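Asker: With chain A fixed as given, assemble chain B onto it according to the hints.
Chains as they are written, first to last, in the numbering used here: chain A, 1 to 112; chain B, 113 to 226.
No lab work stands behind these hints, which were simulated from the structure alone. It is possible that some hints are incorrect.
[Said to hold, decoys possible] Restricting the straight-line Cα-Cα distance to at most 20 Å, the calculated cross-link-like pairs of lysine to any residue (SDA-like) are:
| hint | chain 1 | residue 1 | chain 2 | residue 2 |
| --- | --- | --- | --- | --- |
| 1 | A | K68 | A | V27 |
| 2 | B | K115 | A | L47 |
| 3 | A | K42 | B | G152 |
| 4 | B | K183 | B | T208 |
| 5 | A | K42 | B | R156 |
| 6 | A | K99 | B | D163 |
Remember, predicted model here, so these are calculated numbers, not experimental data.
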Amino acid sequence: EDQVTQSPEALRLQEGESSSLNCSYTVSGLRGLFWYRQDPGKGPEFLFTLYSAGEEKEKERLKATLTKKESFLHITAPKPEDSATYLCAVQEGAGGGNKLTFGTGTQLKVEL
Amino acid sequence: DVKVTQSSRYLVKRTGEKVFLECVQDMDHENMFWYRQDPGLGLRLIYFSYDVKMKEKGDIPEGYSVSREKKERFSLILESASTNQTSMYLCASRTTGGTWYGYTFGSGTRLTVV
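For reference, chain A alone in the conformation it holds in the complex:
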């Protein structure tokens, strides 16, 4: 059974204080790893897809990396508007269909 574990559960940063969120996974043949951002009371919003170990994607202050066992979402010089819950999800390879298995998320708060 696919498992996705995110840490920490919650993270409080000062504006400008860089940090990383972790997503560790166990899956039979990774087809893709996904990062989403979710604001309170809203649906998750797609950020990145990573397909293979060593791959990196960047968007503004966010950078996602992937190894064979985990992914990191690096946040550089965060701003208050980066405050949200960040979700990680994996899609299994053959036989997994189009389903994603989600972690429980990291709730990030960036303070002035």
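Answerer: What follows is chain B alone, placed relative to chain A:
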């Protein structure tokens, strides 16, 4: 941009009522999904559909059913609502082919069963 629209943002229903949650997508996506989201448990898959009139059980289908009569619409049905079905319900869709952008989610329906 693809849009996934959920018909209600907030619903309050009584125990035992039959509840319909509606989801419509406008980009001709083949696959549609219903998740519920609860604190500490994350998103859990209830049902999904990869084509019209097709449905597959997810991880927690008990107490739910679905209907997909048209490609753009995927309905979640709570046959007899119970208080443990109080939750945020999220609908999502994705295409089968092309670049894998993952899901596009709706804004969610927060259902309270009293």
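Asker: If a hint holds in the structure, say so; if it doesn't, say that too.
Answerer: Do the hints match the structure? See the list:
1. Proximity of K68 (chain A) to V27 (chain A) is assessed by CA-CA distance (about 10 Å); at most 20 Å being required, the pair is judged to hold.
2. Restraint check: the Cα-Cα separation between K115 (chain B) and L47 (chain A) comes to about 16 Å, which is no more than 20 Å; the hinted pair holds.
3. This hinted pair checks out: K42 (chain A) and G152 (chain B) have alpha carbons roughly 17 Å apart, not beyond 20 Å.
4. Restraint check for K183 (chain B) and T208 (chain B): satisfied, since their Cα atoms lie roughly 13 Å apart, inside the 20 Å limit.
5. Annotation: proposed proximity of K42 (chain A) to R156 (chain B) holds, straight-line Cα distance about 16 Å (limit 20 Å).
6. For the given pair, K99 (chain A) sits about 14 Å from D163 (chain B) by alpha-carbon distance, which is consistent with the 20 Å threshold.
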